[in-house]
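All chains should be modelled from the sequences, with the hints used to inform the complete structure.
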Amino acid sequence: MQGAIPMPAVTAPSQVRAARSTAPRNAEVEFLELDFTPIDLSRALETVLERPASAPFKYIVTPNVDHVVRLLRRRSDLWPAYRDAWMTLCDSRILARLAHGDGRELPVVTGSDLTLQLFEQGIAPEDSVAILGGTEATVAKIVERFGLRDVRHYNPPMGFIRDPRETARAVRFVVDAKARYSFLAVGSPQQEIVARGVAKARGAQGIGFCIGASLEFLSGEQERAPAMIQQMSLEWFFRLCSNPQRMWRRYLIEGPQIFRIHQAWRRRGPSMLPALPAENARTPLHG
1 MQGAIPMPAV
11 TAPSQVRAAR
21 STAPRNAEVE
31 FLELDFTPID
41 LSRALETVLE
51 RPASAPFKYI
61 VTPNVDHVVR
71 LLRRRSDLWP
81 AYRDAWMTLC
91 DSRILARLAH
101 GDGRELPVVT
111 GSDLTLQLFE
121 QGIAPEDSVA
131 ILGGTEATVA
141 KIVERFGLRD
151 VRHYNPPMGF
161 IRDPRETARA
171 VRFVVDAKAR
181 YSFLAVGSPQ
191 QEIVARGVAK
201 ARGAQGIGFC
211 IGASLEFLSG
221 EQERAPAMIQ
231 QMSLEWFFRL
241 CSNPQRMWRR
251 YLIEGPQIFR
261 IHQAWRRRGP
271 SMLPALPAEN
281 ARTPLHG
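Note that this note's numbering gives residue 122 to position 122 of the sequence shown, counting from 1, and the numbers run on in steps of one.
Mixed in with the good hints, there may be bad ones.
[To be verified] Label pairs and their computed distance ranges (CB to CB):
id, residue 1, residue 2, range
1, 259, 121, 35 to 45 Å
2, 102, 125, 42 to 52 Å
3, 187, 256, 33 to 43 Å
4, 203, 40, 28 to 38 Å
5, 149, 55, 15 to 25 Å
6, 41, 257, 26 to 36 Å
Hints are computed from structural coordinates only; laboratory data are not their basis.
Heads up, the beta-carbon is just placed ideally off N, CA and C, and yes, glycines get one too.
Following this line, the structure appears as structure tokens:
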């Protein structure tokens with residue numbers, strides 16, 4: 001196993017921003033300091049499937065309200081993990097509505113929807129898959145449901161991200177798996193930190209998906225809100241009612257901060273943040 005992966009240094013958002021790729025400047029939509037990839041679910045799936053299995057590792061993040069509040073209020077050290085992502089897909093209808101009010105169109109592509117479409121329409125039984133996180137029972141249900149034949153699984157210990165050696169072990173698992181599709185299901189921001197560590201490691205390949213609890217939806221261990229509830233931007237309320245003891249703080253205390261954050265962002269206008277060095281620049285979608 002390689003040495004411990006160093007944790008990113010704390011850096012203010014105003015001090016770090018990924019340089020634009022060689023794609024057209026309007027290929028990304030800047031909103032709340034994040035550069036979102038404005039493509040719908042079908043196009044995201046198509047782009048993923050077009051990428052060669054042996055291509056260098058890239059990863060996809062799906063920020064929601066919780067992620068944005070954390071980034072802008074509590075964890076500025078996480079910016080590099082989001083800035084270095086291959087795709088940044090909007091996982092929140094609330095964010096999309098706020099952006100629409102500012103004249104920005106953000107197609108909603110949730111991590112759960114992308115994961116479901118990949119397993120149902122994209123991943124072939126013989127494709128190599130790596131899963132970081134989740135229980136053996138969860139993975140077994142997914143393997144059985146989709147008839148997968150090449151799956152590697154590792155569930156790191158609770159709190160692993162605070163231990164450099166355990167973090168390095170999680171990164172090394174994904175690197176060594178050399179899977180075409182790697183699903184990082186250890187919660188945010190752990191999964192984004194690991195994804196960036198994998199992307200910086202030598203020999204990593206495939207695509208990583210930071211998808212939180214999406215595997216539990218696939219296995220049937222958690223129930224998603226009905227489509228109508230999702231369209232009404234009330235999936236958060238469904239999850240709150242389903243698990244109030246766990247979710248009350250996220251949705252009643254932390255989540256509402258997004259409206260104050262949005263107001264402050266509108267008052268100062270989109271920031272002009274300096275570009276990172278060329279080696280940290282985001283690559284085009286087909287890179």
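Now for the hints, and whether the structure bears them out:
1. 259 - 121: 35 to 45 Å: 36 Å Cβ-Cβ, so the 35 to 45 Å window holds.
2. 102 - 125: 42 to 52 Å: holds (44 Å)
3. 187 - 256: 33 to 43 Å: Given range 33 to 43 Å: violated, Cβ gap about 21 Å.
4. 203 - 40: 28 to 38 Å: Once the Cβ atoms are compared, 33 Å apart, the range 28 to 38 Å for residue 40 and residue 203 holds.
5. 149 - 55: 15 to 25 Å: holds (22 Å)
6. 41 - 257: 26 to 36 Å: With Cβ atoms ~28 Å apart, the hint holds.
When held up to the earlier numbered hints, the structure conflicts with hint 3 and nothing else.
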